[in-house]
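Q: Listed below, chain by chain, are the residues.
2 protein chains.
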Amino acid sequence: MIYIDRTISKPIYEQIYSYYTDEILSGALPSGSRLPATRKLAEELSLGRNTVDKAYQQLVAEGYIHSKPGSGFIVNSIPSGICSEPATALPQHKTILKTNAPEYDFAYGNMDNSIFPYNQWRKCINNALSTMELADTIRYPERTGEPILRKEISKYLYHSRGVRCHPEQVIITCGQQHSMEIIANMFDESPRKTFAMEDPGYDGIREVFLNHKFRMEYIPVNDDGICMNNVYSLETDLLYVTPSHQFPTGAVLSIGKRKELLNWAESTNTFLIEDDYDSELRYYTNPIPAMQSLDKNGRTIYTGTFSKSLSPSMRLAYIIFPETLLNKYYKYYHRYNSQVSTLHQLALAEFMSAGYYERHINRLRTLYKKKQAALLAALIDVFGDDIEVYGEGAGIHLLLNVKGTLSQETLIEKAAIAGIRLYSSRPLYAVPSRCPDNQLLIGFPTIPQNNFKKIILLLKQAWYSE
Amino acid sequence: MIYIDRTISKPIYEQIYSYYTDEILSGALPSGSRLPATRKLAEELSLGRNTVDKAYQQLVAEGYIHSKPGSGFIVNSIPSGICSEPATALPQHKTILKTNAPEYDFAYGNMDNSIFPYNQWRKCINNALSTMELADTIRYPERTGEPILRKEISKYLYHSRGVRCHPEQVIITCGQQHSMEIIANMFDESPRKTFAMEDPGYDGIREVFLNHKFRMEYIPVNDDGICMNNVYSLETDLLYVTPSHQFPTGAVLSIGKRKELLNWAESTNTFLIEDDYDSELRYYTNPIPAMQSLDKNGRTIYTGTFSKSLSPSMRLAYIIFPETLLNKYYKYYHRYNSQVSTLHQLALAEFMSAGYYERHINRLRTLYKKKQAALLAALIDVFGDDIEVYGEGAGIHLLLNVKGTLSQETLIEKAAIAGIRLYSSRPLYAVPSRCPDNQLLIGFPTIPQNNFKKIILLLKQAWYSE
Numbered sequence: 001m002i003y004i005d006r007t008i009s010k011p012i013y014e015q016i017y018s019y020y021t022d023e024i025l026s027g028a029l030p031s032g033s034r035l036p037a038t039r040k041l042a043e044e045l046s047l048g049r050n051t052v053d054k055a056y057q058q059l060v061a062e063g064y065i066h067s068k069p070g071s072g073f074i075v076n077s078i079p080s081g082i083c084s085e086p087a088t089a090l091p092q093h094k095t096i097l098k099t100n101a102p103e104y105d106f107a108y109g110n111m112d113n114s115i116f117p118y119n120q121w122r123k124c125i126n127n128a129l130s131t132m133e134l135a136d137t138i139r140y141p142e143r144t145g146e147p148i149l150r151k152e153i154s155k156y157l158y159h160s161r162g163v164r165c166h167p168e169q170v171i172i173t174c175g176q177q178h179s180m181e182i183i184a185n186m187f188d189e190s191p192r193k194t195f196a197m198e199d200p201g202y203d204g205i206r207e208v209f210l211n212h213k214f215r216m217e218y219i220p221v222n223d224d225g226i227c228m229n230n231v232y233s234l235e236t237d238l239l240y241v242t243p244s245h246q247f248p249t250g251a252v253l254s255i256g257k258r259k260e261l262l263n264w265a266e267s268t269n270t271f272l273i274e275d276d277y278d279s280e281l282r283y284y285t286n287p288i289p290a291m292q293s294l295d296k297n298g299r300t301i302y303t304g305t306f307s308k309s310l311s312p313s314m315r316l317a318y319i320i321f322p323e324t325l326l327n328k329y330y331k332y333y334h335r336y337n338s339q340v341s342t343l344h345q346l347a348l349a350e351f352m353s354a355g356y357y358e359r360h361i362n363r364l365r366t367l368y369k370k371k372q373a374a375l376l377a378a379l380i381d382v383f384g385d386d387i388e389v390y391g392e393g394a395g396i397h398l399l400l401n402v403k404g405t406l407s408q409e410t411l412i413e414k415a416a417i418a419g420i421r422l423y424s425s426r427p428l429y430a431v432p433s434r435c436p437d438n439q440l441l442i443g444f445p446t447i448p449q450n451n452f453k454k455i456i457l458l459l460k461q462a463w464y465s466e
Numbered sequence: 001m002i003y004i005d006r007t008i009s010k011p012i013y014e015q016i017y018s019y020y021t022d023e024i025l026s027g028a029l030p031s032g033s034r035l036p037a038t039r040k041l042a043e044e045l046s047l048g049r050n051t052v053d054k055a056y057q058q059l060v061a062e063g064y065i066h067s068k069p070g071s072g073f074i075v076n077s078i079p080s081g082i083c084s085e086p087a088t089a090l091p092q093h094k095t096i097l098k099t100n101a102p103e104y105d106f107a108y109g110n111m112d113n114s115i116f117p118y119n120q121w122r123k124c125i126n127n128a129l130s131t132m133e134l135a136d137t138i139r140y141p142e143r144t145g146e147p148i149l150r151k152e153i154s155k156y157l158y159h160s161r162g163v164r165c166h167p168e169q170v171i172i173t174c175g176q177q178h179s180m181e182i183i184a185n186m187f188d189e190s191p192r193k194t195f196a197m198e199d200p201g202y203d204g205i206r207e208v209f210l211n212h213k214f215r216m217e218y219i220p221v222n223d224d225g226i227c228m229n230n231v232y233s234l235e236t237d238l239l240y241v242t243p244s245h246q247f248p249t250g251a252v253l254s255i256g257k258r259k260e261l262l263n264w265a266e267s268t269n270t271f272l273i274e275d276d277y278d279s280e281l282r283y284y285t286n287p288i289p290a291m292q293s294l295d296k297n298g299r300t301i302y303t304g305t306f307s308k309s310l311s312p313s314m315r316l317a318y319i320i321f322p323e324t325l326l327n328k329y330y331k332y333y334h335r336y337n338s339q340v341s342t343l344h345q346l347a348l349a350e351f352m353s354a355g356y357y358e359r360h361i362n363r364l365r366t367l368y369k370k371k372q373a374a375l376l377a378a379l380i381d382v383f384g385d386d387i388e389v390y391g392e393g394a395g396i397h398l399l400l401n402v403k404g405t406l407s408q409e410t411l412i413e414k415a416a417i418a419g420i421r422l423y424s425s426r427p428l429y430a431v432p433s434r435c436p437d438n439q440l441l442i443g444f445p446t447i448p449q450n451n452f453k454k455i456i457l458l459l460k461q462a463w464y465s466e
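Each protein sequence line maps, in turn, to chains A and B. Those letters in the first sequence? Residues 1 to 466, by my numbering. Those letters in the second sequence? Residues 1 to 466, by my numbering.
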């Protein structure tokens, strides 16, 4: 329950606001939950209804909730790709306008549902069910993943990414954070117990190693990826990199730096974690072979996920350990059951072996290439030099630096009033103050392709008119 | 590769045997893998072919591998419910007989596939696919689980187990070990950092807390469950119990002890983890309400799984936290994505709300009741007082103490030669020497009901005839 503290200087509507942002961000109030009616809450808390209204309108403006005619106020889905932090303090004395649910949501992590090959996937799921029905007994999945899927993944990665591995090196997991949890557990007893990662970088992974109490090292990134000068002074067990498409800047790690990294890892007994999260989605050049494919000394832990290429709802990902690390893995995990359902593993194995997966990737690449091009064209048309764009040519997101005096918070809030939901890139920075105050991270897969010009015009109006 | 050390006294065939048992138990050689042909391996290691043959036959006899005409030797599926340890030493100078793959496998954890309601499950899966197809976008599952499934679980548990909770207290996980991993992470920073559990108990859970470097306390069990005298002297954060059906002894925690435990937990600031793993499968009395239903003070973390009641291949389980612990959960996990696929969550929610789940449990109870009765009758008919049986009247396994001079290893080995795979209960004991040397753990779901008499006769012959 909300507890209103009248002894502190924080305005009451902010206390209500803070309570709900905490509840929503923590997941205690999941998407689709209904907030109490304003009148009811006002009564319960013995407040004027205006105070509650004001708090709710602020939540609407910032995209936490939306109002649904006849139903009251409903919690929005907060995308999971980026883990937002609660806003630290509310700007005071602001006019809150009535707004609707965001019409256009630039969430990173959500995918275009219209292109997903439901017929083929349904076929594979039903075939997998039949396979399971015909089996003698119902069993646990194989501990490290179904052999047939591990084989398909190793074949596919060799073919598409140059990754060399035996199926025995492939461990099937429930997503990139699960992969990192496994690696954190394996290195938990290391004397150095240090984890290094690019900064900015994926906050969901930073969180896993912070939770495991690793000493953290954050390495800056420039146009061709991680800064080697900062790498050479590291003493760490693990260095996490995104060589094909740095998250979120989009930088590609140059071949020279890749070799330098591999040599450095060999000479310092470090393992590199290569996160190849959306490597297939490169639009104007061929996909860049994985760093693992250059590695002669088994220093690369290669990780990938089907969240970007297929669906984040499936929770399917994998780790490919160098052979030298398999014993360490088994030492920790030999008594653990697999956490990934047999049905999904068998279905995905058929989906890959039948060629559906590659065909889907090709369609996805075509679609997202068009969408990104349309978005870029609209941005240039409407804003010209007033916006700097990073990360074009690959992936499913862009970084925008909006020139001028408006802060992230203002940019996001003004857009929300116009029905456009935008996102701050701040959670991706280990030290939040290092984040440029005008930087936004926008994912575009779920925006209809023909709407970009209209939306960007709307955005300009929202930001600069009046 | 196998390294043969000729400087040690361990016979060479045992070195080969140990190498392969390690590889198989660790999962490095998964089920279905082929061992090198005996001739080829003998050549590679510069050994006589007989030596390799002897090692392979031992592996066959113990059920690690089977010979497949035309294909050589293939690794068997080692069930995951019980995590076996490699045999410590091989008995010397033993005549190894040629055997086949086990015809009857008393593995704990595997389920009877013939009763699984594939038609209804298929319908729910396909409806879930349609729901997903009709959605606007593809999203991550809700962080703590899909609201619709959390609601169904809380309804079902109230109705069937007396458990009282709001859907917000339900966290969907990928299995009991995943649930324990979450709890271990949450209590990792506790000053006491102590985990107490029943002994014997489920080794898969012991392993999670050992891996997390908790101080461990093991509490003996008698006819009505955990020994309270040993509980009163505990200083621990967590005490793990299986009140409805102690694993593996089958003891039921008496109502008096339940209340004592709850009072003790309240007065010592301890949390009880109630594992209600196969509570629905009670054959001659009504299911016993969960301990959580008696808990007035929020000291019980209730955990359950669909592995025994539906299928271990699905990897679906849940934790129900007392409200007082939700903040602690969110503090660690608020930036983590769910690890459970949306498809399974939606399908299971419909499966439950349509009443299929309850109907399936009822059919399962009838079937397993008959199977257990048939097995018990056969054991009494054939062995009379020569076998003590524990755990009848519930669940999907029995504990057997076989009177006489034969050790576990010999009982298992002789049975294997007759095509019957049996299992040691030793991994369930924290101190292996506490395990009675004549104790076996046998699961019966996958054995055809009409075969028990025949199998038990075969077993007697295998054990006692010359």
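Derived from the structure by calculation, the hints contain no laboratory data. Glycine included, C-beta positions come from ideal geometry on N, C-alpha and C. Be a bit skeptical, because a hint or two may be false.
[As the list claims (entries may be wrong)] Once the Cα atoms are required to be at most 30 Å apart in a straight line, the calculated DSS-like pairs of lysine-lysine come out as:
(1) A:Lys213 / B:Lys296
(2) B:Lys193 / B:Lys328
(3) B:Lys193 / A:Lys54
(4) A:Lys328 / A:Lys259
(5) A:Lys155 / B:Lys331
(6) B:Lys68 / A:Lys213
(7) B:Lys68 / A:Lys193
(8) B:Lys68 / A:Lys10
(9) B:Lys193 / B:Lys331
[To be verified] Covered stretches of chain A (chain B as the covering partner; in silico rule of three or more C-beta atoms under 8 Å from a C-beta of chain B):
(10) 219-229
(11) 262-275
(12) 289-299
(13) 341-349
Q: Next, verify each hint and record whether it holds.
A: For each hint, the structure was consulted:
1. A:Lys213 / B:Lys296: Distance of about 35 Å is beyond 30 Å: violated.
2. B:Lys193 / B:Lys328: holds (15 Å)
3. B:Lys193 / A:Lys54: violated (45 Å)
4. A:Lys328 / A:Lys259: holds (26 Å)
5. A:Lys155 / B:Lys331: violated (40 Å)
6. B:Lys68 / A:Lys213: Roughly 49 Å separates the two Cα atoms, so the pair is violated.
7. B:Lys68 / A:Lys193: violated (47 Å)
8. B:Lys68 / A:Lys10: Given that 30 Å is the threshold and the Cα spacing comes to 75 Å, the pair is violated.
9. B:Lys193 / B:Lys331: holds (18 Å)
10. 219-229: It is violated, with 0 qualifying residues against the three required.
11. 262-275: violated (count 0)
12. 289-299: Coverage by chain B is violated here, the residue count being 0 at a Cβ distance below 8 Å.
13. 341-349: This one holds; 4 residues, not fewer than the three required, reach chain B with a Cβ under 8 Å.
Hints 1, 3, 5, 6, 7, 8, 10, 11 and 12, counting from the list given before, are not met by this structure.
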